[in-house]
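Trainee: Reading the sequence shown from the start, the letters are residues 2 to 160 in our numbering.
Simulated from the structure, these hints should not be mistaken for lab results. Heads up, the beta-carbon is just placed ideally off N, CA and C, and yes, glycines get one too. It cannot be assumed that every hint is accurate.
[Said to hold, decoys possible] What follows is a list of derived Cβ distance ranges for each label pair:
hint, residue 1, residue 2, range
1, Asp72, Ser40, 13 to 23 Å
2, Pro37, Val71, 17 to 27 Å
3, Asp155, His77, 27 to 37 Å
4, Pro37, Glu119, 18 to 28 Å
5, Ala136, His77, 34 to 44 Å
6, Ile154, Thr123, 13 to 23 Å
7, Leu145, His77, 36 to 46 Å
8, Pro33, Leu126, 16 to 26 Å
9, Phe35, Asp155, 14 to 24 Å
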Amino acid sequence: GLSGNDTPVALSIGKDHAGQVLAKGSVVESDPSFSPDGSKVAFTRTAVMTGDGFGDHIFVVPLAAPLTEVDISYAHLGPEMLWGDHDPEWIDDDRLVFWHSRVEYDGGKLVTMRDTGEERTTIDLPDGFSYRRPAPFTDGDGKLRMVFSAEKIDAPCTP
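Make a model of the complete structure from these sequences and hints.
Mentor: Okay, here's the thing in structure tokens:
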């Protein structure tokens with residue numbers, strides 16, 4: 002069962018198993034996204050921003066071993082608290098797309114990265130807009146495309 006400090010992020014329910022993805026302590030989790038093959042879940046974890054806490058980081062959890070989560074943002078952000086990674090979506094079974102932005106700012110940059118934390122690449126987008134909710138898809142020619150919402154803002158975000 003869950004204690005008062007545990008929060009289920011996702012459940013993996015199969016024919017012969019059920020497993021919980023848990024988080025402990027004083028954190029908020031959001032934006033869960035399952036890999037296309039259903040074997041992993043990526044989500045945003047926001048920790049208390051004091052002491053050794055951090056802002057938004059993306060974690061990946063294999064559902065077969067839910068207590069072996071990996072903070073794929075840490076190698077790039079470390080304990081950084083002004084910038085964060087959030088809103089992960091899967092491109093395929095091994096790559097994610099997400100936003101990298103200032104914690105108190107609603108703008109940001111679009112980033113792709115492997116679920117291991119390797120091959121981090123920034124995709125340039127026009128300044129002056131707040132971008133949210135990337136939704137990758139493959140078009141009829143097999144090319145990766147992306148749709149997301151954008152809102153015009155007064156001050157551009159510069160990472």
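Trainee: Now tell me if each hint is right for this structure.
Mentor: Hint check results:
{"no.": "1", "hint": "Asp72 - Ser40: 13 to 23 Å", "verdict": "holds, 19 Å"}
{"no.": "2", "hint": "Pro37 - Val71: 17 to 27 Å", "verdict": "holds, 18 Å"}
{"no.": "3", "hint": "Asp155 - His77: 27 to 37 Å", "verdict": "holds, 28 Å"}
{"no.": "4", "hint": "Pro37 - Glu119: 18 to 28 Å", "verdict": "holds, 19 Å"}
{"no.": "5", "hint": "Ala136 - His77: 34 to 44 Å", "verdict": "violated, 23 Å"}
{"no.": "6", "hint": "Ile154 - Thr123: 13 to 23 Å", "verdict": "holds, 19 Å"}
{"no.": "7", "hint": "Leu145 - His77: 36 to 46 Å", "verdict": "violated, 22 Å"}
{"no.": "8", "hint": "Pro33 - Leu126: 16 to 26 Å", "verdict": "holds, 24 Å"}
{"no.": "9", "hint": "Phe35 - Asp155: 14 to 24 Å", "verdict": "violated, 36 Å"}
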